[in-house]
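Undergrad: Respectively, the protein sequence lines represent chains Z and S.
Those letters in the first sequence? Residues 436 to 969, per the numbering used here, in order.
Those letters in the second sequence? Residues 3 to 362, per the numbering used here, in order.
Don't take each hint at face value.
[Said to hold, decoys possible] Restricting the straight-line Cα-Cα distance to at most 30 Å, the calculated cross-link-like pairs of lysine-lysine (BS3-like) are:
| hint | chain 1 | residue 1 | chain 2 | residue 2 |
| --- | --- | --- | --- | --- |
| 1 | Z | Lys690 | S | Lys321 |
| 2 | S | Lys81 | S | Lys92 |
| 3 | Z | Lys690 | S | Lys317 |
| 4 | S | Lys320 | Z | Lys663 |
| 5 | Z | Lys764 | S | Lys320 |
| 6 | Z | Lys469 | S | Lys73 |
| 7 | S | Lys120 | Z | Lys800 |
| 8 | S | Lys195 | Z | Lys484 |
| 9 | S | Lys321 | Z | Lys663 |
| 10 | Z | Lys663 | Z | Lys690 |
| 11 | Z | Lys469 | S | Lys195 |
| 12 | S | Lys231 | Z | Lys753 |
| 13 | Z | Lys642 | S | Lys317 |
| 14 | S | Lys195 | Z | Lys472 |
| 15 | Z | Lys472 | S | Lys231 |
| 16 | Z | Lys472 | S | Lys184 |
| 17 | Z | Lys642 | S | Lys321 |
| 18 | S | Lys253 | Z | Lys800 |
| 19 | S | Lys253 | S | Lys231 |
| 20 | Z | Lys663 | S | Lys317 |
| 21 | S | Lys231 | Z | Lys800 |
| 22 | S | Lys253 | Z | Lys777 |
| 23 | S | Lys321 | Z | Lys764 |
Hints listed in this document are in silico derivations from the structure and should not be mistaken for laboratory results.
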Amino acid sequence: MSNPLSDMDKPDVIFCIGTNMTECHPVAATRIKKALKRGAKMIVADPRKIQLAEMADVYLPIRVGSDVALLLAMAHVIVRDDLHDHAFIEERTLDADQFLEHLSEFTPEWASTITEVPAADIEKAAKLYGAGDKGAIYYTLGITEHICGVDNVQSLCNLALLTGNLGREGTGINPMRGQNNIQGAGDVGAIPSNYPGFQKVDDPESKAKFEALYGREMDGERGITKVKALNLCGSEIFAMLIDGENTVVSDPDRKHCEHALSSLDHLVVIDIFLTETAQMADVVFPASAFAETDGVCTNTERRVQRLRQAVPPPGEAKPDWWIICQLAKRLGFEGFEYESAKDIFNELCSISPIYTGLDWDRIDKSEYQWPAPEEGHPGTPILHENEFTNGRGLFKLVRYRDPAETISEAFPVWLTTGRRLQAYHTRTQTGRSAGIDYLLSEESLEIHPEDVDAWGLQDREFCRLSSARGSVEVRVRATNRSPRGTVFTSFSFNDVPVNILTGSGYDPITDTAELKVCPVRVEALDKSESDAAG
Amino acid sequence: MSSNGIQHQLILDGEEVNFSAGETLYEIAERHRKEIPTLCYDPRLEPFGACRLCVVELEGARNPVASCTTKATAGMVVKTQSEPVEKYRKTLLEMVVSENREVEVDPLRGYASQELGKLTDRYQARTGRFKGAQSGQLHATDDNPFIFRDYDLCISCNRCVRVCAEQEGDHAIAAMGRGFHKQITTEFNGLLKDSSCTFCGQCVQTCPTGALADKKALRAAELPEPLQKTRSVCPYCGVGCSVDLLSKGEKLVGIHPAMDGPANEGALCVKGQFAFDFVQHTDRLSMPMVRGDDGELHETDWDTALDRAADGFAKTLKKHGRHSIYGIASGRTPSEANYTMQQFIRRGYGTHYIDNCSRA
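One chain only, chain S, in its complex shape:
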């Protein structure tokens, strides 16, 4: 963003601060931890200036300006928290809240789903001062298993439309109509699966009200345990997207993209976002197995299975020598598994009869 690294100055809440050419007032304030409220803002997307919550007072301007779309210029005098601005924000929030069926939603709905609820609390905006008509209608017929299209909660911030276009390049969804008739939808108001949607889940995760929600995670809404997040890496391709695993007690309930993941910067694909049930599938092996005299595999205890496995390698070594034993490691197991596998072959037999699945 900087042009030749030259720093300019403006006054932010009475303090002189530096900025680089091209920075917006919001970016500068954010850097100085000003906690300006936003609803249509996602730092990954082009500023949109729709929700007007990020307004700040700018000396010399007749009305407050949207800080997300206003580029800083040298000498500006900006106030982020004045009484008129805070009042303006509260009124705006009261109007937003008046349009929605509910404000407090289950955090399982999505990464950003708590934004409206938190701001409503912060500004004590649940006053019922306005009797707004509802804009946006639930898409009840879309039976896709991943994305709940609960547009009753839509506030027309366009984050979903913009993330699909700007981040994903898919342009699967768009806004139709104006005012209270505005509706986020796909071509011909159809199903997501008939659009160019790839079910990457990005629209779900950027939605600030839970209007677009993770249907799979919501399966766990009734579980009583607290929601835990654990940082890990997606188990699929080699891009290595960072994810936050969502769990309740011993149950894996969902996946969030990690916004600060260096490989993905908040992005995921349909596999990384939604294909996690294999982990706790009933087909999982839970006991060691050995082949019996009847030719079938039978469950047994670790001691028996380890002895049987070791015995087979010992016998093969005795009968056919150390070049008769081979190890195949995996591109899907952690490095510790692969390291111990190669050490098993090398240290155990002195050979390099070890490979992994990269040739097929």
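Here chain Z stands alone, though its shape is the one from the complex:
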């Protein structure tokens, strides 16, 4: 997030797109509810009539995967009606003229044919966001899990740059991260493009720095993403070390994942449970869990916080870092002589420019949001206050593209996937916590009641859901949350492995899968099948 969580009750206009915040980030959503009570206005764009939509002043039920068209048209209206921030554009951005010209063809009428939202509503949303003094954008995976995920994010940046909604309280571009340390995983360099602290691996200066540190030659080009690595299992990739990820269930195209991992010569998994992925490993190491480990995690607002141990791990389970260090030492790797999480974190701070001003003791009270580039630095709650990372903000000339697969005679329905309040990811945690089943005990497919009738289905009975990659059986749930022609389910329940269906395409830049769009067919089961399914 460019802005802190505490800013969320301060905007005049809130724009939520591709975020089901009341279910996926419920505590953050309470701040939005307070902002609305205070009088803030809210625009919500989401194919499903989620709870946020019910609270919105303008609700845009866009067709799945049509975000870019909506955002281009909103920018078009803002410029047409002279609601853009001339001073901000002049002082803080580059090449705006080209962008303003680019926008001229993307009228709300044009966008309406793609998004299936009335042009008048697009106008209303644009004017609301454009006229607000403090406009804040919040998004989640509904923006990024598309073949055009990067285009979607850049379209949001374009809107914020156009209206000067960056670098001030109550504004910003705010992605809500989904896991408690997913921000930290990237911060510390567990990505193919960056050393710790976003030091680019293809930057000669960084390369020289880490070659000196590691005492070895380093590749000067980026590594490959996990998606590519899985594609190359058995042909170029032959061994994997996986820590704390149930790849087989959480990733798109499950059959492909299973095939990939089974083609390895060597698979080592570190986890707290014998997950579906761990069951495929040659060696499984037992890790200590939340409440059993000291460590650090970084939240969605870049706040660096301490995790603390309260109880001992079971049996011989050990902290992940200890396991990785032991393995490294047995392979003769140098530099793994740590004695504690504190040692490791302090070393990280010493080589990471965004953490330079931090150390284990300093973050004891969770006061710091990175970057804290030097000792004594107070941290940075709001990014881009005076300058962008690269100096001036760049508008991107984005164009709308269709999803990787679009509906057809064979697969006439849009499936979009996501999460539910009571279940977390593949339920390795929530599925093993007493009481959660009382609230949510099984998966269902949310279908508009009229579609349930039109497709010959029965509410609460099982149906078959098929895509070009496979099919699953799932219980029907008639609900107005789904629009006509679009169905929804989550990937949380292993007995409804919906990621058998997904994986139609990937963003060419980030390799993020298009989990939010998958054309499917929905059919009733015949009598003998439904008896077996029930």
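With the hints as your guide, set chain S onto chain Z.
TA: Showing chain S alone in chain Z's frame:
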């Protein structure tokens, strides 16, 4: 709260103190550590003025005033601890206590559950001077696994109703009836699961008497070890709510929201509040495992497993080169795990064949 930062003055227990426009007498007294007793007050909520315990003497006013709802004005003369006020507070507490089945409750019931008991001790109010009828009745049929609705202990402070409305925006619960017939309930006096309740647990944690109680934590009521609190961060989404882990001996027994957590300021959701049993679940891996010749995974010791794991990487390196080995880190493990993982790949093999689960 300040208007243009202008400071005004009033006299608090004989001392001149500054305040900003909009501050209440309670807020000013709190700032000066006056320890005014309260039951219906939660600093996160709008003042309610129901319990009357926070009354103070205000010069010129005929009766004591509720400090939580009285805005300060310049020149006020306020006494927080005079004898009449203390006597008034004691009498009020005696009446509150007379309505309840019990006053001392297990701290596992909730974060604020000890408030009434502590005040009763402080004012020695367990005198039995009043024979009050009981207001509020236990909701015995609500079988939800999280929230015990023991309204026998309810004192109608409305903190639960207000936290649900003001903090959560859910409006799942309300007060019904008046006087001794007052009852906190949901629509049609039904089950919480049939209301708009999301089981975030906020009502439980703000309840000052334990009338709303954490059923999961109470499973550990009989454990003899002392209750410990350890500050940590919720293991679920990226909001990063601060929590206090409750443990007895080696057992994780519950979670409290951290009221001073910067991300959550005391809030949690159903997962963060109640979904912690996975930690000490019998399915947890407790021994390293290696795949045997029979194709199955077998438990073994660390040495054997580490040797086997290292051997596999060494062989792969020899046979297929350093670009044949890949590491996947996690968004759920601490940064130290992710840092050592990327260092394992980078320092071990000189490549950047490392990623995490953020792409799916």
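Undergrad: Check the structure against each numbered hint from earlier and tell me which ones fail, lowest number first.
TA: 15
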